[in-house]
Amino acid sequence: MSGSSTPLSSTTTLSSPGSPRLNKVAQLSPENPFNNPYYQASTLIEYVCSRQGTSSSVYIYDVAEQVGFGTYTKEWAKAENNGTSIVDLQTRPGAGLSLVGRLSQGTSLDAAKGTTLTAYTTPNGLAVMAPSFTYLPPATANTRLVVQVPVVTPVGETLALSPTLSPLASVWSILPENVAVLLSATPQQAVDFASVAYKVSNTHVIHLFDHHATTREAGHFIKPLESSFGEGLTVQEAVQKAGYQPYEYHGDEHAKTVIVLLNGPLALVLKAAVKNTTDLGVVIINVLRPWSEDNLRSVVPSSATTIHVLDDVPNSVTQGSLYVEVFSSLWDNSPKRVVHSHRITPAQTQNFITSSGAFLRFIKDVSHVDISELSALSIKKVLLFGVPRSPLSPFAGLLGDLFARKSGISSRLLTDYDVFSKPGGISANRLLISRNNTPDFIPISAILPLDSNSPGHSDFLGVLDQSLLKSHSVLKHARNSSIVLLATSWTPEEVSSNIAQQAAAIISERKLSLYTIDVKGVAKKLAGADGPIQDAIQNLLLELVFLRFFLGAAATESAVLQLARASFGDVVEGVPLEKIGSHAWLSLHAVSLSATDSLSGEPSSLKDFEANAIAVEVPEGQTVVNGARLSSWHDAAKHLLFPAVFAPVDEEVDLKKSALRPEVPETTFLVTCTVNRRLTPLEYNRNVFHLEFDTSGTGLKYAIGEALGVHGWNDEGEVLDFCAWYGVDPDRLITIPVPGDDTKMHTRTVLQALQQQIDLFGRPPKSFYSDLAEYASNDVDRYALRFIGAPEGSSTFKKLSEKDTVTFADVLRKYPSARPGIERLCELIGDIKPRHYSIASAQSVVGDRVDLLVVTVDWVTPQGTPRYGQCTRYLAGLKVGQKVTVSIKPSVMKLPPNPKQPLIMAGLGTGAAPFRAFLQHLAWLAQQGEEIGPVYYYFGSRHQAAEYLYGEEIEAFILEGIITRAGLAFSRDGPKKVYIQHKMLEDSEQLAKMLHDDEGVFYLCGPTWPVPDVYEALVNALVKYKGSDPVKAGEYLESLKEEERYVLEVY
1 MSGSSTPLSS TTTLSSPGSP RLNKVAQLSP ENPFNNPYYQ ASTLIEYVCS RQGTSSSVYI
61 YDVAEQVGFG TYTKEWAKAE NNGTSIVDLQ TRPGAGLSLV GRLSQGTSLD AAKGTTLTAY
121 TTPNGLAVMA PSFTYLPPAT ANTRLVVQVP VVTPVGETLA LSPTLSPLAS VWSILPENVA
181 VLLSATPQQA VDFASVAYKV SNTHVIHLFD HHATTREAGH FIKPLESSFG EGLTVQEAVQ
241 KAGYQPYEYH GDEHAKTVIV LLNGPLALVL KAAVKNTTDL GVVIINVLRP WSEDNLRSVV
301 PSSATTIHVL DDVPNSVTQG SLYVEVFSSL WDNSPKRVVH SHRITPAQTQ NFITSSGAFL
361 RFIKDVSHVD ISELSALSIK KVLLFGVPRS PLSPFAGLLG DLFARKSGIS SRLLTDYDVF
421 SKPGGISANR LLISRNNTPD FIPISAILPL DSNSPGHSDF LGVLDQSLLK SHSVLKHARN
481 SSIVLLATSW TPEEVSSNIA QQAAAIISER KLSLYTIDVK GVAKKLAGAD GPIQDAIQNL
541 LLELVFLRFF LGAAATESAV LQLARASFGD VVEGVPLEKI GSHAWLSLHA VSLSATDSLS
601 GEPSSLKDFE ANAIAVEVPE GQTVVNGARL SSWHDAAKHL LFPAVFAPVD EEVDLKKSAL
661 RPEVPETTFL VTCTVNRRLT PLEYNRNVFH LEFDTSGTGL KYAIGEALGV HGWNDEGEVL
721 DFCAWYGVDP DRLITIPVPG DDTKMHTRTV LQALQQQIDL FGRPPKSFYS DLAEYASNDV
781 DRYALRFIGA PEGSSTFKKL SEKDTVTFAD VLRKYPSARP GIERLCELIG DIKPRHYSIA
841 SAQSVVGDRV DLLVVTVDWV TPQGTPRYGQ CTRYLAGLKV GQKVTVSIKP SVMKLPPNPK
901 QPLIMAGLGT GAAPFRAFLQ HLAWLAQQGE EIGPVYYYFG SRHQAAEYLY GEEIEAFILE
961 GIITRAGLAF SRDGPKKVYI QHKMLEDSEQ LAKMLHDDEG VFYLCGPTWP VPDVYEALVN
1021 ALVKYKGSDP VKAGEYLESL KEEERYVLEV Y
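Take 1 as the starting number for the sequence shown in my numbering and just add one per residue.
It should be emphasised that the hints constitute simulated quantities derived from the structure, not laboratory data. We put the CB at the ideal spot given by N, CA and C, even for glycine. It is possible that some hints are incorrect.
[Said to hold, decoys possible] Estimated spans, in silico, between C-beta atoms of each pair:
#1 V860 - A790: 26 to 34 Å
#2 K241 - S508: 52 to 60 Å
#3 V675 - Q863: 36 to 44 Å
[Said to hold, decoys possible] Listed below are the simulated DSS-like cross-link pairs for lysine-lysine, each with C-alpha atoms no more than 25 Å apart in a straight line:
#4 K364 - K256
#5 K889 - K833
#6 K511 - K470
#7 K879 - K900
#8 K256 - K223
#9 K701 - K470
#10 K422 - K607
#11 K1041 - K993
#12 K993 - K976
#13 K900 - K983
#14 K1041 - K977
#15 K1041 - K983
#16 K364 - K336
#17 K511 - K579
#18 K271 - K256
#19 K833 - K879
Make the full structure from the sequences, and use the hints.
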């Protein structure tokens, strides 16, 4: 091989300063992490955030650590004991309330001391937390919240990691004005913006940075932000002070077409592409909130007539908020511009990230401007596939560091893991080597994508585990005529009989130069038994082989040794370098294969590599993968956030339940409120309201007539008031039993527990008084509680429960000496039960939506205390965009199997809900040309003007013939009260015929009080028109219950 030219040929001279010791990866130390290529930008962001002078407390949500962000913060806190407290929290609805409570004056020690809180979460976590930010107090110089968001999201069925911001599509519009949003993309910018977030005193800040790739790269010399910041800077001013602009423009100064998108990896790709493109420009948004129309207008060229806005959205029907902002900023501006919306779904983002040139082809299609493919000719692209925790797993890092330390050379290393496709996982290391004068920062994924249909991009591909050639399609990533190095125990002759047919075909078709070396066998000869020294020699052998290929025509054994000697010295781990070099030179073998050389048998289907895990190495040698500390990489897949993907075959794991509310003993779904509309007039004394929830992507399915279980929360203000009275810190962490399984425990803040789980404002059972008595320190309180809980106290208990409607909190206030610890109190009270509401929609008609009809329940006790229904109060206060945890409950309200059977529906007030679903479905059947039977609809309420619920829809159903007859009873509108039973008496003959002769079905939904009168009306109809007597008529109705033809759902 000596003197031959290779694809990695380079005229760059490698010399002097040494690379790291082969037997030890540098240990993380927070003393001086800047300007050090070992440290990734994400690590430096953790360093900035976790300093005592920056944050008083760092809240690390589980989803952040599951993507490799937060682990070092914990390690440093344990090692330094610097006063910054670390709080672990789980992500569930209301996750942001603990932050709100901590910042609220009067409830927070931090507020009194004057400090800044930091939270780590992900886009998915932020989407759950954001509704709570509505309650954030104003930011001040002393009390502020900074949320650092590593942008990486599992998407699709395989949970591949993606930089999509689609989980936040519904968040932007609900963020309050006192929350700023920064977006960064490059490693230096990400660290700078993380620092800027703490320089702004008049707003809370959310900082989103690309953790999918750029901030996880090693090899960058990142500088600290040294600009001096004054007091009272706005977000825009602080960003400019740091050397950036809120909105950046790049491209042709006279462009007619401009692309607008949020900062991120795709923005960097487009920035580099438009550099040499005419008639096209790009505006990159670094500051999304607060939005500045003037700033946008100032950066868009006056020549621009067409604007294309790219929005990350969960599906193609969701309108992105960036388009709304851009359109409103430019629509009345001169010159007139056409603004187009492009909704980028997670699947599209993944295609753009993994498929070479896909994003620029998309831009070309929408803009009709020719864009050249990105040129990376000056960059040497190295791709190494291996398995974690093998002796060769440090090789990529050692190689990257070798080049990073050389003057005039830049190296960038990104490591990803696939823990699903192979037990123990696979690593893919992408290393880019170039001169320091590379003009633009382009994401590694754009230069060296791991495309499932890859035409080949790597100049050098290393396979560090021979089994991968049998299981995975790794060779397709090698470009034509490039080099492939296989670390293997196979002889050159054995290679052809061991690799898959597909691999052999790629080698032949692309004319790949395949070389093998048995580094383990050679190292064993040089260093003896297995151990750290042998591992070091194995890695050094590979480095020497790589340098041989890298030097190309200049590669001679003496030249490689001279270069290696400058870095490693004359002796490595007791073995002369010259001896190691000689073995590396002699042990490298070229392998010739034809397309027909392959593993015997049928062609095998090789798997693709897909990044789905992020690993963090901690100082004590453990590996943290997706937030779980592993004793073995074979456990990695089991510890992912989504266990359903890698569950044992015989176990059923419910993704919806495990991902949303694992503590709730039933399948739950996280839906989004899209409509909360009051149906009754504001001046009316009853609040009846209509709710709609978006179920897209949740998998929620429901049948007609089923009920929606709403897992409501207690009122936050009342919970905080109780905490203040009880003397407990709402932000204190407590461990309490998981609902439905007392054998399992989970940790939550007091505020989370009392607001979301514990039925603090529910009605206590008799046993609570007896249990509470044991904690009373005052004799009078203790005896009173014991009396109420005893049999002789039944009348007192009945008065308290039914007349006074006391709550658990009331009882505690009434007997203040009874104060169990907060954990024990939670166990004594028990959990909030979901409240069930009849679904007021048919999924066959509304699709990914579920509707409810609800009336607010409120009353006044004999003592004049106002009371509210816990769940109806929660639902009445929902804001559009707010997430709600729900479940489905089967119901007796079902349509008969034969649509021609007559239906009699009787609903009072909100009892109309299931019948709206019935009527929607019947109308849909009629539209399909299916014949439906007669429908009699009876509805009762107080006033037609105020409570004719869904009146317009009912009138439309009547006009369309869906409702055959409507009996509407508005009891307070006339001189004489009229109820639905009176309307039914008017139709006695028809009702008797339907039930007796035509297999009709009768439904009643609403309060219990009209049941006897309705029952009597039907009995009288059967007696009068079917010759029955009252006893037999009653027995007949009872028999219809067995046939599900006399159905009551009353409350």
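* Asked: Going through the earlier hints one by one, which of them does the structure break, listed in rising order?
  -> Per hint list: 7, 8, 9, 12, 14, 17 violated.
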